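Chain residues, written in single-letter form:
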Amino acid sequence: KAGVTQTPRYLIKTRGQQVTLSCSPISGHRSVSWYQQTPGQGLQFLFEYFSETQRNKGNFPGRFSGRQFSNSRSEMNVSTLELGDSALYLCASSPTPGTPSYEQYFGPGTRLTVT
Amino acid sequence: AQSVSQHNHHVILSEAASLELGCNYSYGGTVNLFWYVQYPGQHLQLLLKYFSGDPLVKGIKGFEAEFIKSKFSFNLRKPSVQWSDTAEYFCAVINNAGKSTFGDGTTLTVKP
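Going down the list, the protein sequences come from chains F and W.
Residues in the first sequence are numbered from 1 upward in steps of one, following this note's numbering.
Residues in the second sequence are numbered from 1001 upward in steps of one, following this note's numbering.
Worth flagging that the hints you see were computed from the coordinates, not collected in a lab.
Accuracy of the hints is not assured; some may be wrong.
[Stated by the list, open to error] The following residues of chain W were derived to be distant from chain F, with all beta-carbon distances above 10 Å:
#1 Ala1016
#2 Ile1060
#3 Lys1071
#4 Pro1079
#5 Asp1085
#6 Thr1109
[As the list claims (entries may be wrong)] Derived list of chain F stretches under chain W, where covered just means 3 residues or more per stretch with a C-beta under 8 Å from a C-beta of chain W:
#7 32-42
#8 104-111
[Claimed, not checked] Capping the alpha-carbon separation at 25 Å, the derived lysine to aspartate or glutamate pairs in DMTMM-like fashion look like this:
#9 W:Lys1058 - W:Glu1015
#10 W:Lys1099 - F:Glu52
#11 W:Lys1071 - F:Glu103
#12 W:Lys1099 - F:Glu75
#13 W:Lys1099 - F:Glu103
#14 W:Lys1061 - F:Glu103
#15 W:Lys1058 - F:Glu103
#16 F:Lys57 - W:Asp1104
For clarity, every value in this text was computed on a predicted model and none was experimentally measured.
Each residue gets a CB set at the ideal place from its N, CA and C atoms; glycine is no exception.
Produce the entire structure from the sequences given, and follow the hints as far as they go.
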């Protein structure tokens, strides 16, 4: 079974621009979560989608948004990029929320650099 | 608010030494607890998890963790580390609403 895939793997953007990152979950997984990983701050939860609906949201400004499509693929968008948005953005998929273990499977991440 | 605290930011051990990484969480309800590992250049992968039953859980590569509810702790242990255990380790909590919180991570360096 193919793992979680994320595209692009690397991205360089300029401050003020916007960016869209894509995540394809493991086949059959319906829940997708997004995280921001930066040195010293660990993984910060952005949001979780299930059945095209945002189920949970972290404490990020409204510049960060996401969506999920009917095939469970998900995108996240960051508008008006700031230097502090430079990070590794991770996507994780789970079979179905509400299952006992909530085990998440992580993708390789998209490394975003804002200059 | 839900939070996770990993007390050790960087641990350096020699091969064959024993390992214990601390993890404490704060949340009033039922939680699911995880340890993830990120080897250099690789994806985050699950080491072990606890959601109910025996509080001592065993994971891959000889790792184990013990859930102590009264202490809100879920410490990771390994009796004898190897050089290949050099990685970053993350403790995580997911509540029954699906909200997840990760600790800041502990970098483990094992000297050969």
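A quick look at each hint next to the structure:
The beta carbon of Ala1016 (chain W) sits about 29 Å from the closest Cβ of chain F, which is more than 10 Å, so the claim that it is off the interface holds. Consistency note on Ile1060 (chain W): stated as away from chain F, and its beta-carbon is indeed over 10 Å from all of that chain's, at 13 Å minimum. The claim that Lys1071 (chain W) is not at the interface with chain F holds, since no C-beta of that chain comes within 10 Å of its own (minimum 21 Å). No Cβ of chain F comes within 10 Å of the Cβ of Pro1079 (chain W); the nearest lies about 25 Å off, and the non-interface call holds.
With a minimum CB-CB distance of about 19 Å to chain F, Asp1085 (chain W) clears the 10 Å threshold, and the non-interface call stands. Thr1109 (chain W), annotated as away from the interface, keeps every beta carbon of chain F farther than 10 Å; the closest lies near 16 Å. Coverage of the stretch 32-42 of chain F by chain W holds in this model, with 5 residues showing a Cβ closer than 8 Å to a Cβ of that chain against a need of three. Residue count for the stretch 104-111 of chain F with a Cβ under 8 Å from a Cβ of chain W: 6. That meets the three needed, and the coverage hint holds.
Proposed proximity of Lys1058 (chain W) and Glu1015 (chain W) is supported: the alpha carbons are some 21 Å apart, at most 25 Å. Restraint check for Lys1099 (chain W) and Glu52 (chain F): satisfied, since their Cα atoms lie roughly 17 Å apart, inside the 25 Å limit. Among the hinted pairs, Lys1071 (chain W) with Glu103 (chain F) is consistent with the structure: their alpha-carbon atoms are about 23 Å apart, no more than 25 Å. With a C-alpha separation of about 19 Å, the suggested pair Lys1099 (chain W) and Glu75 (chain F) falls inside the 25 Å cut-off, and the hint holds.
Straight-line distance between C-alpha atoms of Lys1099 (chain W) and Glu103 (chain F) comes to about 12 Å, which keeps the hinted pair within the 25 Å bound. For the suggested pair Lys1061 (chain W) and Glu103 (chain F), the alpha carbons sit about 18 Å apart, so the restraint of at most 25 Å is met. For the hint pairing Lys1058 (chain W) with Glu103 (chain F), the CA-to-CA distance comes to about 15 Å; that is within 25 Å, so the pair holds. Taken as a hint, the Lys57 (chain F) and Asp1104 (chain W) pair is honoured in the structure, with Cα atoms around 19 Å apart against an allowance of 25 Å.
Of the numbered hints listed earlier, not one is contradicted by the structure.
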